[in-house]
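Colleague: Quick mapping for you: the protein sequence lines, in order, are chains A and B. Letter by letter, the first sequence follows residues 0 to 394 in numbering that gives the first Met the number 0. Letter by letter, the second sequence follows residues 0 to 394 in numbering that gives the first Met the number 0.
Certain hints may be false.
[What the hints assert, rightly or not] Here are the simulated EDC-like cross-link-like pairs (lysine to aspartate or glutamate), alpha carbons at most 20 angstroms apart as the crow flies: (1) A/Lys357 / B/Asp391; (2) A/Lys39 / B/Asp326; (3) B/Lys39 / A/Asp324; (4) B/Lys110 / A/Glu348; (5) A/Lys110 / B/Glu339; (6) A/Lys124 / A/Asp157; (7) A/Lys39 / B/Asp97; (8) B/Lys110 / A/Asp326; (9) B/Lys39 / A/Asp326; (10) A/Lys280 / A/Glu339; (11) A/Lys39 / A/Asp18; (12) B/Lys357 / A/Asp324; (13) A/Lys280 / A/Glu349; (14) B/Lys110 / A/Glu339; (15) A/Lys110 / B/Glu349; (16) B/Lys56 / B/Glu339; (17) B/Lys56 / B/Asp306; (18) A/Lys110 / B/Glu348; (19) A/Lys357 / A/Asp306; (20) A/Lys56 / A/Asp252; (21) B/Lys56 / B/Asp192; (22) B/Lys124 / B/Asp157; (23) B/Lys280 / B/Asp366; (24) B/Lys110 / A/Glu349; (25) A/Lys110 / B/Asp306; (26) B/Lys110 / A/Asp306; (27) B/Lys357 / B/Asp306; (28) A/Lys110 / B/Asp256; (29) B/Lys115 / B/Glu234; (30) B/Lys280 / B/Asp192.
[Unchecked claim] A short list of chain A residues far from chain B (calculated; beta carbon distances all over 10 angstroms): (31) Thr38; (32) Thr122; (33) Ser255.
In case anyone wonders, no lab produced these hints; they're calculated from the structure. Every residue gets a Cβ at the ideal spot worked out from N, C-alpha and C, and that includes glycine.
Protein chains: 2
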Amino acid sequence: MPPIAGVRLAATSAGISYDRADVLLVALPAGTSVAGVFTKSKTASAPVHWCRDILRKGGARGLVVNSGNANAFTGYEGVRAVAATTAAVAKALGCRADEVFASSTGVIGEKLPTGKVLSVVETLKQGLGEENWLAAAEAIRTTDTFAKVATRSFSIGDAPFNLNGIAKGSGMIAPDMGTMLAYVFTDATIAGDVLQAELANANALSFNAMTVDSDTSTSDTVLAFATGAGAAHPEISDSKSPHLRGFRRALRDLMSDLAHQIVRDGEGASKFVRIDISGAKSKRAARRIGLAVANSPLVKTAIAGEDPNWGRIVMAVGKAGEAADRDRLCISFGEHLVAENGVRAPNYEESVVATYMKNSEISIAVDVGVGQSRFTVWTCDFTEAYVRINADYRS
Amino acid sequence: MPPIAGVRLAATSAGISYDRADVLLVALPAGTSVAGVFTKSKTASAPVHWCRDILRKGGARGLVVNSGNANAFTGYEGVRAVAATTAAVAKALGCRADEVFASSTGVIGEKLPTGKVLSVVETLKQGLGEENWLAAAEAIRTTDTFAKVATRSFSIGDAPFNLNGIAKGSGMIAPDMGTMLAYVFTDATIAGDVLQAELANANALSFNAMTVDSDTSTSDTVLAFATGAGAAHPEISDSKSPHLRGFRRALRDLMSDLAHQIVRDGEGASKFVRIDISGAKSKRAARRIGLAVANSPLVKTAIAGEDPNWGRIVMAVGKAGEAADRDRLCISFGEHLVAENGVRAPNYEESVVATYMKNSEISIAVDVGVGQSRFTVWTCDFTEAYVRINADYRS
Numbered sequence: 000m001p002p003i004a005g006v007r008l009a010a011t012s013a014g015i016s017y018d019r020a021d022v023l024l025v026a027l028p029a030g031t032s033v034a035g036v037f038t039k040s041k042t043a044s045a046p047v048h049w050c051r052d053i054l055r056k057g058g059a060r061g062l063v064v065n066s067g068n069a070n071a072f073t074g075y076e077g078v079r080a081v082a083a084t085t086a087a088v089a090k091a092l093g094c095r096a097d098e099v100f101a102s103s104t105g106v107i108g109e110k111l112p113t114g115k116v117l118s119v120v121e122t123l124k125q126g127l128g129e130e131n132w133l134a135a136a137e138a139i140r141t142t143d144t145f146a147k148v149a150t151r152s153f154s155i156g157d158a159p160f161n162l163n164g165i166a167k168g169s170g171m172i173a174p175d176m177g178t179m180l181a182y183v184f185t186d187a188t189i190a191g192d193v194l195q196a197e198l199a200n201a202n203a204l205s206f207n208a209m210t211v212d213s214d215t216s217t218s219d220t221v222l223a224f225a226t227g228a229g230a231a232h233p234e235i236s237d238s239k240s241p242h243l244r245g246f247r248r249a250l251r252d253l254m255s256d257l258a259h260q261i262v263r264d265g266e267g268a269s270k271f272v273r274i275d276i277s278g279a280k281s282k283r284a285a286r287r288i289g290l291a292v293a294n295s296p297l298v299k300t301a302i303a304g305e306d307p308n309w310g311r312i313v314m315a316v317g318k319a320g321e322a323a324d325r326d327r328l329c330i331s332f333g334e335h336l337v338a339e340n341g342v343r344a345p346n347y348e349e350s351v352v353a354t355y356m357k358n359s360e361i362s363i364a365v366d367v368g369v370g371q372s373r374f375t376v377w378t379c380d381f382t383e384a385y386v387r388i389n390a391d392y393r394s
Numbered sequence: 000m001p002p003i004a005g006v007r008l009a010a011t012s013a014g015i016s017y018d019r020a021d022v023l024l025v026a027l028p029a030g031t032s033v034a035g036v037f038t039k040s041k042t043a044s045a046p047v048h049w050c051r052d053i054l055r056k057g058g059a060r061g062l063v064v065n066s067g068n069a070n071a072f073t074g075y076e077g078v079r080a081v082a083a084t085t086a087a088v089a090k091a092l093g094c095r096a097d098e099v100f101a102s103s104t105g106v107i108g109e110k111l112p113t114g115k116v117l118s119v120v121e122t123l124k125q126g127l128g129e130e131n132w133l134a135a136a137e138a139i140r141t142t143d144t145f146a147k148v149a150t151r152s153f154s155i156g157d158a159p160f161n162l163n164g165i166a167k168g169s170g171m172i173a174p175d176m177g178t179m180l181a182y183v184f185t186d187a188t189i190a191g192d193v194l195q196a197e198l199a200n201a202n203a204l205s206f207n208a209m210t211v212d213s214d215t216s217t218s219d220t221v222l223a224f225a226t227g228a229g230a231a232h233p234e235i236s237d238s239k240s241p242h243l244r245g246f247r248r249a250l251r252d253l254m255s256d257l258a259h260q261i262v263r264d265g266e267g268a269s270k271f272v273r274i275d276i277s278g279a280k281s282k283r284a285a286r287r288i289g290l291a292v293a294n295s296p297l298v299k300t301a302i303a304g305e306d307p308n309w310g311r312i313v314m315a316v317g318k319a320g321e322a323a324d325r326d327r328l329c330i331s332f333g334e335h336l337v338a339e340n341g342v343r344a345p346n347y348e349e350s351v352v353a354t355y356m357k358n359s360e361i362s363i364a365v366d367v368g369v370g371q372s373r374f375t376v377w378t379c380d381f382t383e384a385y386v387r388i389n390a391d392y393r394s
């Protein structure tokens, strides 16, 4: 991961619930613009409410994230914990508290041990450095089995810029309306409202196009920061600016990369699954059908069993509630056409497709035969390991 | 199971896919009225389309059901299979084909071996008897581990009547919009439109208030038949008739009984779970919140792990998309209040509630704090056995 001009990071252990680094601090230069998208959960966590509130003011100087405790469903104590933490970070960084963004991820309903977080703020400040990207990604993990980082470069005119992102997430992943924890940083100079529009668009095609288990978290947050501390260029303050093209491509690409890493690391997952829906009435309908297939326990367990059980795809398309023509439905697994025009394909050979299902990456394409719209969603399979992990783990 | 005056049943093996009885025939007397509710799947099976069509004509003389093959996603061949089967049954029973209802349940996308079904029609006719209720329920099973039957009695004036029902279902159970295979028979005389209204109301509170795995079948069907062959009473042709009260109570009670049997027999289930939502803005909102909790893989795996993980209940309430006040939320497991006013209850003792979770029947109550409406849904837990069954079984 290359440095992003202006971004300094530090991670350390506060002993919240893991025997490893569990608090991340990011310091940002004056003039950093910020954009965010959040869970639409009606039981959103205290830090989500805080971020939503201060986002309106438009500037960011700091970000503090802890893992091991979600500070969700913690009432007034939770609000106070956010206030105390952001105030301490603001003092350390020499900025206002409402310029400090905060996230928490981990168990729901337990009081955040604020004292533990406050006790490491000075240590974090001393440790701030431009190189600490992997340590930062490690510190925000919960059940993740690997740290999720991605980087892209792009140009504005002739000037080169970087875009770095980190994310976490493995279970309780169905950001139908928001997304998981992810943080994206660039050294370009992009106005807050333009950054917000670009983030929302990229989010719709990346984090909001994936699901692990249909369960939407209380804490989902994506924040994008533009420090403006890289090469000099006129600030981009218009969404139609041609200078935005490189950034837009890099942002979508980077966010899809992070989203796919989350799906690959889905709790208990053994296979990475891409689902392409075409022939739908609208993009929205295609997405709903795709998510119905991706969230179906019967489809997901069949994939875990390496069974090309296309009957369950038919079922899932049917239950989505969107227009589909049963008698024009076509289904492929990889290159293999298994059903067309509402019946099994004449050349379908179960043994050939069964061999395809042994791959670790599975692609399923469904044409529902009623329109021209398409959408792609990503998911993973549903294994006994998912049940084991979640029967034991307290999230 | 007592006989229902006018109803004769027979079951036999046609060798469709099981080594046991897999075809059911029911003969009904002239004058039988009929009502039905069906899956709203956009990929509904051929027999579902057939039943919906002939239901408009209002009379029923026969019912033929096979297990082992759903005759779904079978195109024109599937339509022909229904036509051939109902024609053969009509000839055997001496009625019109459009008085013969049909259902199929089992694998999706395989051609129904119509010849096998036709070859047993005469055997079935010879075997018709008033006592064969359990054999009938056995013949319609797929992954069900037990046959589902229920009976109730009721009065109209002083005259006694019976109500019998049989059902099947274990996986692909989320009749959000329709329901599973269930057949209900009474010897009272009730007009078709009255019967239809009563069936729809009872269905909303029974089959449509349960979920095993959030997956809605292509074949869900509930049919109710009133033979009018019991004790004499004036036909009930008005939904406001006071004579309807006993039947209404018996019907709701019997259909809930059958629905609960399906949930208890949920694939891989180890626990039966009742979820009471109160304090919602509307009954519809309460139902959606209840189903969000009941369908959450994280809630269901926690119950399998006997973990009183109320944080996941908070998550599921939040993701339902209906109004809920995070800071007034109250959650109980059985008699144990675990959370109130948006935080953990002061007297909550994890060890006490953990002991409660070892029961085979679990009751979860959630008050979402924004209104007066309530709804109850039933579900089961989500175990490794569900994954095993569905990674191997071809439905």
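Colleague: If you test the structure against every hint from before, which numbers come out violated?
Modeller: Structure breaks hints 6, 7, 11, 12, 13, 16, 17, 20, 22, 28, 29, 30 and 31.
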